[in-house]
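**Student:** Numbering (this note's numbering), first residue to last: 1044 to 1467.
Since the hints were made in silico from the structure, they are not lab data.
You may find that some hints are simply not true.
Said to hold, decoys possible - Pairwise CB distance ranges, derived in the manner of DEER restraints: (1) A1454 x S1150: 20 to 30 Å; (2) S1393 x D1195: 46 to 56 Å; (3) S1150 x N1233: 44 to 54 Å; (4) S1148 x A1389: 20 to 30 Å; (5) T1200 x S1142: 11 to 21 Å; (6) D1330 x Q1190: 49 to 59 Å; (7) S1148 x G1317: 20 to 30 Å.
Each residue gets a CB set at the ideal place from its N, CA and C atoms; glycine is no exception.
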Amino acid sequence: MALTGLLMAGCSSGGGADDGSTTTVSATKPSSVVASLSSKISEVGTNMNAAMNGASIASIHTMNGIDTKCGVHGEPLFQPVTTDSTACTNAGGSWDPGSSECKMSSSDHAYTGMKFFCFIAKDTGSPDSLQGAFGLFGNLSCSLEKQGMQWDGVQRTIDVTLSEGNGCFQAGQLSDGPCEGQSSCSMNVNVTASTLSGEYYDSSLVLEIGAMYYRAKVKVSDGITELAVSNNGQGVANDEDVYSVKLDEANKRFAYEGRFDRIDAVGCGGGSCGWSRHYRVMLDLLDGTSEIIPESIEGAISDIYDNGGTFYSSLSTIKGSMTSGTGLTGIQYSASDAVRANVVEAANLSAGTASCFALDADPAANTCAGNPGITKGTGTLAFFLPGSTFKSQTTAADKYLDGDVWFANLAGLNFTSVSLAPEQ
1044 MALTGLLMAG
1054 CSSGGGADDG
1064 STTTVSATKP
1074 SSVVASLSSK
1084 ISEVGTNMNA
1094 AMNGASIASI
1104 HTMNGIDTKC
1114 GVHGEPLFQP
1124 VTTDSTACTN
1134 AGGSWDPGSS
1144 ECKMSSSDHA
1154 YTGMKFFCFI
1164 AKDTGSPDSL
1174 QGAFGLFGNL
1184 SCSLEKQGMQ
1194 WDGVQRTIDV
1204 TLSEGNGCFQ
1214 AGQLSDGPCE
1224 GQSSCSMNVN
1234 VTASTLSGEY
1244 YDSSLVLEIG
1254 AMYYRAKVKV
1264 SDGITELAVS
1274 NNGQGVANDE
1284 DVYSVKLDEA
1294 NKRFAYEGRF
1304 DRIDAVGCGG
1314 GSCGWSRHYR
1324 VMLDLLDGTS
1334 EIIPESIEGA
1344 ISDIYDNGGT
1354 FYSSLSTIKG
1364 SMTSGTGLTG
1374 IQYSASDAVR
1384 ANVVEAANLS
1394 AGTASCFALD
1404 ADPAANTCAG
1414 NPGITKGTGT
1424 LAFFLPGSTF
1434 KSQTTAADKY
1444 LDGDVWFANL
1454 AGLNFTSVSL
1464 APEQ
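Make the full structure from the sequences, and use the hints.
**Tutor:** Structure follows, in structure tokens:
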């Protein structure tokens, strides 16, 4: 499968808020910001193939079928797709009994390219995809906006009814989430909405729902659309999710960082605790066009989890051009050990499975010529967000910032390249 075919797929926004293409984007209407960014992220995914093939705008074409390439949790699916566990294993796939999916093996040379594509293009409705991370916040904001939020910095309690028929939630989103089996439910939400002056962001929003909270910062000025969110999604201790997405149309750059620090969280079910994931992605966009077409990408995705006393870690990186001869170099690392600290030491990670995604060619072993990619480096990789003693209130090379501190310090995503430093 050539690179152009590997990443050829269409995608659609899964958010329930108003369509960003017909709604004015406003800092005092966060759901419009979520919808607009989701629509643009979808456009990035749709146009990936055209960018990699050097196609003109007029020749952009897409294929529906993202769900045949990316699983329910955004993992790359083995190709051709099979629902037979035996056939999956015999063909070299990895069968997942939980989702009944045949997943692509991480040793497959197409894996890293597909992993980043699925992360960007697939809306999973959860933090394992870029669009999914912001979904519930956007839906809640949409419902509260219909009640008439006042942006004066005063905390108010709003009795809001969440319904799948109010234009904010799609079918199944509430029954599978906040309403626990029901298509609608009511709740009291403490809301503090503020407009900001003389700061980087234009507005801020705090939502408190029982033990759960959401904090958001919004910017829709200076050619930048940016949304940063902090929440304790499960409402339990040591559950810290902080994430930000930025579209800088003036400089033609798209950036995302997501830090989901849950490895020390306890008391939440359904596999929602006992792991941490860190995402950092930057795309440079083609200039001279109103279309959002990626020209190059740099990214790193890490995962660490505890499975019955054995810790597993994985690290995926990608770097390169989708329009020039350098191609994309992807590298996949992994480790396992009974000691948590051992799986985040660079020396203990696997040597790395490197792949080159060159233009109009099948993924091949080893790095692309002249493009070594993003390598694991040396020392302790606090990028993994491994919890425990690795977390700090201050910046340090072998530790990472507590999520609340990272969010409080954030004044825009300003990295122009991607490294494995804990913070950029």
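**Student:** Hint by hint, where does the structure go against what was stated? Just the numbers, ascending.
**Tutor:** Hints 1, 5 and 6 not satisfied by this model.
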